[in-house]
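Each residue of the sequence shown is one higher than the one before, starting from 1 at the first, in the UniProt record's numbering.
Hints are supplied without guarantee of correctness; some may be wrong.
Unchecked claim - Each computed DSS-like pair below joins lysine-lysine, with the alpha-carbon atoms no more than 27 Å apart:
{"id": "1", "residue 1": "Lys-116", "residue 2": "Lys-74"}
{"id": "2", "residue 1": "Lys-165", "residue 2": "Lys-122"}
{"id": "3", "residue 1": "Lys-165", "residue 2": "Lys-121"}
{"id": "4", "residue 1": "Lys-151", "residue 2": "Lys-137"}
{"id": "5", "residue 1": "Lys-211", "residue 2": "Lys-137"}
{"id": "6", "residue 1": "Lys-74", "residue 2": "Lys-173"}
{"id": "7", "residue 1": "Lys-191", "residue 2": "Lys-280"}
{"id": "8", "residue 1": "Lys-204", "residue 2": "Lys-191"}
{"id": "9", "residue 1": "Lys-165", "residue 2": "Lys-18"}
{"id": "10", "residue 1": "Lys-165", "residue 2": "Lys-116"}
{"id": "11", "residue 1": "Lys-121", "residue 2": "Lys-150"}
{"id": "12", "residue 1": "Lys-211", "residue 2": "Lys-112"}
{"id": "13", "residue 1": "Lys-137", "residue 2": "Lys-173"}
{"id": "14", "residue 1": "Lys-112", "residue 2": "Lys-74"}
{"id": "15", "residue 1": "Lys-191", "residue 2": "Lys-150"}
{"id": "16", "residue 1": "Lys-18", "residue 2": "Lys-112"}
{"id": "17", "residue 1": "Lys-173", "residue 2": "Lys-151"}
{"id": "18", "residue 1": "Lys-150", "residue 2": "Lys-112"}
{"id": "19", "residue 1": "Lys-191", "residue 2": "Lys-151"}
Rather than coming from a laboratory, the hints here were simulated on the basis of the structure.
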Amino acid sequence: MSDSFREVTSVSWFGRIKQAVGGVIFGLLLVVLMVIGLFWNEGRAVQTARSLAEGAGAVVSASADSVDAANDGKLVHVSGPVTAESGLADPDFGIAAQGLRLSRTAEMYQWKEESKSETTKKLGGGEETVTTYSYSKVWDDSQIDSSDFKKPDGHQNPPMEIHSKTFQIPQGKLVAFDLDTPVLDRIEGDKDYSLSANQSAAIKAAYTGTKPLGIVDGKIYLGADTTTPALGDYRIGYELAPLGVVSIVARQAGSRFEPYQTEAGDALLMVDTGTVPADKMFAEAVSANTLITWLLRAAGLLLLTIGFALFLSPIGVILDVIPFLGSMARMGTGIIAFFLAILVGTTTIAIAWFWYRPVLAVGILAAGVIAAAAVYYLGRSRKPAEPVVAPNVGVAT
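Start from the sequences, fold in the hints, and give me the full structure.
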């Protein structure tokens with residue numbers, strides 16, 4: 001079921017110029033923030049890389065079978081099976097399981113608003129925007145506030161009374177070691193936990209609500225008709241992180257693990273599922289650091305482009321008196337914004353390299369100068385020789 005309606009709004013040329021001036025201020029602020037962010041990202045990357053290198057050189061392997069007091073305070077690598085003294089339970093629905101973590105995802109069938117806008121430029125610089133608002137019922141795991149809808153009448157959502165929740169063991173054991181929340185939170189491997197029909201009786205006994213309850217496709221369904229959901233019906237599924245072997249790199253503190261503070265600045269606490277050697281865990285962390293660095297660089301350059309585009313936006317708005325000229329201007333300012341973002345972004349990164357890695361930066365610069373000089377002198381040495389002109393020889397007649 002869905003419905004929709006359209007809304008038409010207009011903005012004058014002077015109104016658009018006023019908005020563009022506001023965009024200039026926001027664009028400048030965005031450029032400044034992105035320059036700071038790109039500079040910070042290089043420092044973060046260097047600090048993390050140095051911390052990981054420091055940790056890789058300091059880590060020692062320890063057996064999980066006993067706690068060696070000689071390793072207290074050191075960065076240790078331990079692998080072994082995780083066990084728990086108690087099981088997991090969701091008391092709201094009588095679900096019991098053995099594992100590390102049980103996660104409940106509750107979805108409610110409710111109204112959702114979506115909008116789509118089409119803007120047309122008018123002769124004289126004004127704009128007309130046609131916005132189509134559409135409404136449909138969807139499953140969502142968070143409350144959608146229908147009071148914010150453009151047309152709330154007939155689309156009111158009931159309050160969401162059942163929410164997603166996670167149940168995790170408070171303490172675990174890694175053979176001789178104790179595991180607490182900071183370590184347990186880092187253990188991944190959650191898998192779908194499908195409910196069976198033979199659990200239906202326990203679920204119905206624990207449920208205190210008034211809606212009809214059933215098990216459909218391994219999930220709890222709260223509602224009268226499972227094939228045709230009604231507003232306010234619930235669909236509740238579970239995921240379970242099973243107990244298993246994990247590998248940990250952390251500071252040994254008695255029988256516990258805690259973050260290891262490096263001299264470079266980062267605190268190291270790494271957890272992986274399965275038996276993973278320490279060198280592989282550090283290699284994966286280095287790769288993750290590189291990926292994060294490049295993603296943040298790309299995001300910074302994109303936002304720099306947007307910032308410069310906003311700064312130049314008044315040019316297009318002013319020329320929109322004739323829409324064709326405004327479109328051409330925006331194309332040009334978009335290209336300029338892109339090149340300004342590349343110039344400012346790469347310059348910021350280069351300055352950050354000189355600030356955070358002066359030795360490496362100078363080395364790269366020197367290598368570049370040497371390479372350029374070599375190419376230059378190689379080109380000169382291969383300069384073609386001047387042609388030899390044969391002397392004129394007279395012929396007797």
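Do the hints match the structure? See the list:
1. A threshold of 27 Å between alpha carbons decides the hint, and for Lys-116 with Lys-74 the separation of about 58 Å lies outside it, so the pair is violated.
2. Proposed proximity of Lys-165 and Lys-122 is contradicted: the alpha carbons are some 52 Å apart, above 27 Å.
3. With a C-alpha separation of about 49 Å, the suggested pair Lys-165 and Lys-121 falls outside the 27 Å cut-off, and the hint is violated.
4. For a cut-off of 27 Å, the pair hint linking Lys-151 to Lys-137 stands: about 15 Å separates their Cα positions.
5. With a C-alpha separation of about 19 Å, the suggested pairing of Lys-211 with Lys-137 holds against the 27 Å cut-off.
6. Restraint check for Lys-74 and Lys-173: satisfied, since their Cα atoms lie roughly 20 Å apart, inside the 27 Å limit.
7. Restraint check: the Cα-Cα separation between Lys-191 and Lys-280 comes to about 24 Å, which is no more than 27 Å; the hinted pair holds.
8. Proposed proximity of Lys-204 and Lys-191 is supported: the alpha carbons are some 24 Å apart, at most 27 Å.
9. A distance of roughly 47 Å separates the Cα atoms of Lys-165 and Lys-18; the hinted pair therefore is violated under the 27 Å criterion.
10. Pair hint Lys-165 plus Lys-116 does not hold up; C-alpha atoms about 34 Å apart against a cutoff of 27 Å.
11. The suggested pairing of Lys-121 with Lys-150 holds, with an alpha-carbon distance near 24 Å, which does not exceed 27 Å.
12. Among the hinted pairs, Lys-211 with Lys-112 is consistent with the structure: their alpha-carbon atoms are about 22 Å apart, no more than 27 Å.
13. For the suggested pair Lys-137 and Lys-173, the alpha carbons sit about 45 Å apart, so the restraint of at most 27 Å is broken.
14. At roughly 53 Å between alpha-carbon atoms, Lys-112 and Lys-74 are farther apart than 27 Å, so this suggested pair is violated.
15. As the CA atoms of Lys-191 and Lys-150 are separated by approximately 39 Å, the hinted pair breaks the 27 Å bound.
16. A distance of roughly 33 Å separates the Cα atoms of Lys-18 and Lys-112; the hinted pair therefore is violated under the 27 Å criterion.
17. For the hint pairing Lys-173 with Lys-151, the CA-to-CA distance comes to about 54 Å; that exceeds 27 Å, so the pair is violated.
18. This hinted pair checks out: Lys-150 and Lys-112 have alpha carbons roughly 11 Å apart, not beyond 27 Å.
19. Of the supplied pair hints, the one linking Lys-191 and Lys-151 is violated, its CA atoms being roughly 40 Å apart against a limit of 27 Å.
When each numbered hint is compared with the structure, violations occur for hints 1, 2, 3, 9, 10, 13, 14, 15, 16, 17, 19.
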